[in-house]
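My request is simple: use the sequences and hints to build the entire structure.
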Amino acid sequence: MNAPQSAPGKGMTPATKGILLMVLAMFFISVMGVATKTAGISHPIMQVVFVRNFFVLALVLVMVWRKGGMASLKVNDRKGVGLRAFFQFGAATFISTTVILLPLADAEALFFAAPLIIAFLSMHFLGERVGWRRKTAIFVGFIGVIVMLRPTPDLIQPIALFGVVASVFIALRDIWTRKLREGETANAIMFWSELGVIVGSLPFALYVWQPLTLPDLGIIAFAGIVLGAAQFTMAVAFLTAEAATVAPFRYTVILLTTLFGYLFFGDIPDAFVIGGVAIVIASGLYILRRETQRSAGQA
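With my numbering applied, the sequence shown corresponds to residues 127 to 425, in that order.
Because the hints were derived from the structure by calculation, they are not lab data.
Hints are supplied without guarantee of correctness; some may be wrong.
Claimed, not checked - In silico lysine-lysine, DSS-like type, Cα no more than 25 Å apart, as pairs:
1. Lys305 x Lys205
2. Lys200 x Lys305
3. Lys143 x Lys193
4. Lys305 x Lys193
5. Lys205 x Lys261
Below, the structure is given as structure tokens:
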């Protein structure tokens with residue numbers, strides 16, 4: 127008799143599952159970037175953001191229906207949740223702007239400034255103690271961001287500043303999420319934040335609105351669904367394995383966006399992007415290592 131075959135994934139360690147889920151999430155993010163950029167070539171950015179996030183919100187509502195119900199959308203800190211929604215709106219707007227106007231790999235590389243900004247702002251917003259090693263790593267990481275901005279008068283790309291602004295909004299959103307998570311449900315935070323993006327982008331979308339063909343709508347809808355899938359998969363990855371194990375695999379998005387950028391748009395990162403992102407990744411990994419050591423010491 128043949129031995130019974132194990133189910134797919136059975137026997138995997140939590141660490142392996144978490145890593146695979148994180149890589150899958152980065153794949154989804156890369157695909158979302160391709161779809162968003164494709165839609166943004168022929169349609170205004172704010173229209174793309176508005177329509178796309180309708181489909182993200184639809185996925186959130188499915189999760190609400192499956193777990194928690196409408197009662198889980200109750201908010202205790204309205205101002206706090208509203209501010210988080212504003213940060214989400216800013217992040218969605220500037221991320222989309224950067225992805226559409228810059229090569230995919232360049233855009234994603236700039237977004238890696240967010241963990242550095244989070245580490246910097248945590249000292250002020252969360253009162254976290256940051257030693258000289260982490261401060262040095264933050265400083266070095268910002269040098270990497272400056273390198274990616276091409277700091278010479280004839281090479282600097284003002285458009286790249288959108289990526290830096292996006293990173294600031296990402297950092298503020300994530301820090302504010304930490305402040306809210308003890309008093310609010312994940313459903314409430316996600317629902318009201320995505321609704322905030324829709325409400326915030328509505329007047330801009332109406333002002334620049336262009337007719338949507340069915341294929342265009344399909345591309346934008348696909349971008350929204352894949353974005354929602356990426357957020358869900360990433361959350362499951364962090365629930366499956368320790369953050370120190372899965373977080374470094376966020377950087378696989380650089381490899382994926384470089385590949386997709388070349389295949390779909392003919393983009394090839396230059397030496398400034400390659401050198402800058404190498405510095406930022408090294409800095410981010412060191413900060414993650416120090417945070418892991420600090421957490422282990424407090425346990």
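Tested hints:
1. Lys305 x Lys205: holds (12 Å)
2. Lys200 x Lys305: holds (17 Å)
3. Lys143 x Lys193: Measuring from Cα to Cα gives roughly 23 Å; hence the hint holds.
4. Lys305 x Lys193: holds (23 Å)
5. Lys205 x Lys261: Given that 25 Å is the threshold and the Cα spacing comes to 31 Å, the pair is violated.
Checked against the numbered hints above, the structure violates only hint 5.
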